[in-house]
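A.B. asks: With this note's numbering applied, the sequence shown covers 1 to 568.
There's no promise every hint is true.
Unchecked claim - In silico EDC-like pairs for lysine to aspartate or glutamate, Cα to Cα no more than 16 Å straight-line:
no.: 1; residue 1: K284; residue 2: D250
no.: 2; residue 1: K254; residue 2: E173
no.: 3; residue 1: K132; residue 2: D66
no.: 4; residue 1: K284; residue 2: E355
no.: 5; residue 1: K254; residue 2: D158
no.: 6; residue 1: K365; residue 2: D194
These aren't lab readings, by the way, just hints derived from the structure by calculation.
Quick caveat, the model's predicted, so the values are computed rather than measured.
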Amino acid sequence: MEAGEILFRRGLLDDQQLQQVRREQNGEGPLWTAVRLGYVREDAALRAIAEAIGIPYLDTSETEPDVGLLADFPARFIHRDGLFPVRRDAQSLTIATSDPFDLYALDEVSAAMGLPISPVLTPRQEIATWIKRHLGVGSETVEGLLGQSDDAPIQLLDDIETDGSELAELAQEASVIRLVNEILLEAVAARASDVHIESQAHGLAIRYRVDGMLQLQPLPPEIHRFQAAILSRLKIMARLNIAEKRLPQDGRMKLRVANREVDVRVSVIPMLHGEGIVMRILDKSSIVFELRQLGMGPTIYERFLELIQMPHGIVLVTGPTGSGKTTTLYSALLEIRRPEVNIITCEDPVEYQLEGINQIQVHPKIGLTFAHSLRSILRHDPDVILVGEIRDLETAENAIQASLTGHLVFSTLHTNDAASAYARLMDMGVESFLVSSTVEAVMAQRLVRTLCEHCKRAQQPARSDLPEDFPHTRAHEMGVPCFIPVGCRQCRHTGYAGRMGIYELLPSSNAIRTLAHDRANTWDLARAALQEGMVTLRQDGWEKVLQGRTSVEEVVRVTKGDRVLNHD
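Working from the sequences, and respecting the hints, build out all of it.
C.D. replies: The structure is reproduced here in structure tokens:
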């Protein structure tokens, strides 16, 4: 009995759908045609077929394959036929397959391994996940890659230019293109913000930064032979000079991945064992610039919302690189965006294009710096100005001048906490009376990973295992446990899924302005802010822990302890 008939008898296809499936098979078989046409889910279809023909269905969430079998299992069966060894006993070898009707492939495995085969049915995507996890990104050999369909999962939106050299031609071979596509496709699927491709003594290393943490990807040995071609392909895609291997280069590429447009910024730097490439992935569809969704508590959110609607002044967001400052400022701009408000930004670089907001890309090499852009913006009748970063005295003075002339100015600084921002501006050379009169608020922030809702587990740790400044008394009164990461298929076994912000908002009250005017040190400013009710980064992090949204380890990783506070 063929697959279409089984699905029909099991009520998964009606007569009209069955006839349509038979008309549109195109050599792929009725099972995959029915899945492709959306008539049935693959897992449901395989469960029905498994029951009908007496083959077990394997739930991969409850089973892990014996990876020791991979050493002796011919790779061609994995990549060409989609077969994966699960376990072995004295009598037979259990093989996961998504096509129970491909008996020839199963017979080939039996002959090659010298054992009878016991097939189990598993969806193709689950087998693909096993392949990536246990054999590595791009684990398909060139033979396997060449056997794939020509339907590119990734489409480059810009034209490619090559110099006709031998290396350029090698980089344009179908196998290399598909290998690079696989690396990029897996990065987007993993929600990676950055891809690191590094030349090391032993060959190539690839790491993805997911939720702020770098994860080393397993790679098959065959990939190292194509190191030069992979690097050259990426340089060609970013419109860089593939012959230049001694100097750093920067470029960008635009891709369409699964009908989503993705911008990729590319940085190439020569290193000891060859060039290293870092790609920043800007997936427009995965970013939501909504202030309510960033993780601010109700009090901080309401206060910050008031601040960003002021008629003039400076609002600063501080934190290290990668702490989410740009996302916070973009969300603030979109919150106050209206047709009657002229918002202009100058950024380096413009990471995301915002509808209804005028954005300027600075070019320091031709003299278009933050300071120069800011002077020009003031002649362009703005209401709200975003300066990507205050890096020097000239930019700081121009931002202050803009606020004094009736404009609301947003910008960022690299400081560890909110109170340090005042001292940083004065260290740049800005007069203290200007800082105290124009800075309306400073918000420091960090990003912590959020616990995976599918696998997080409640645990009541011993008091001695927690930091001294953890709010033990409050946790006891609330009766809430801490949650710890476990790891599951949903979160790729990390225990975390996504990130959120923790915040420290310091509004410029009269007391804070007086201290800033008198050039008080950062400790005095912080102490005064705490007396007025400021919540520190650490405190906000502990609040997220008590809410079960993140772990103690995450808060400790991104913040320093509040030594001047006693939480009990």
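A.B. asks: Of the numbered hints stated earlier in the document, which are not met by this structure?
C.D. replies: Numbers 1, 2, 6 - these are the hints that the structure violates, sorted from lowest upward.
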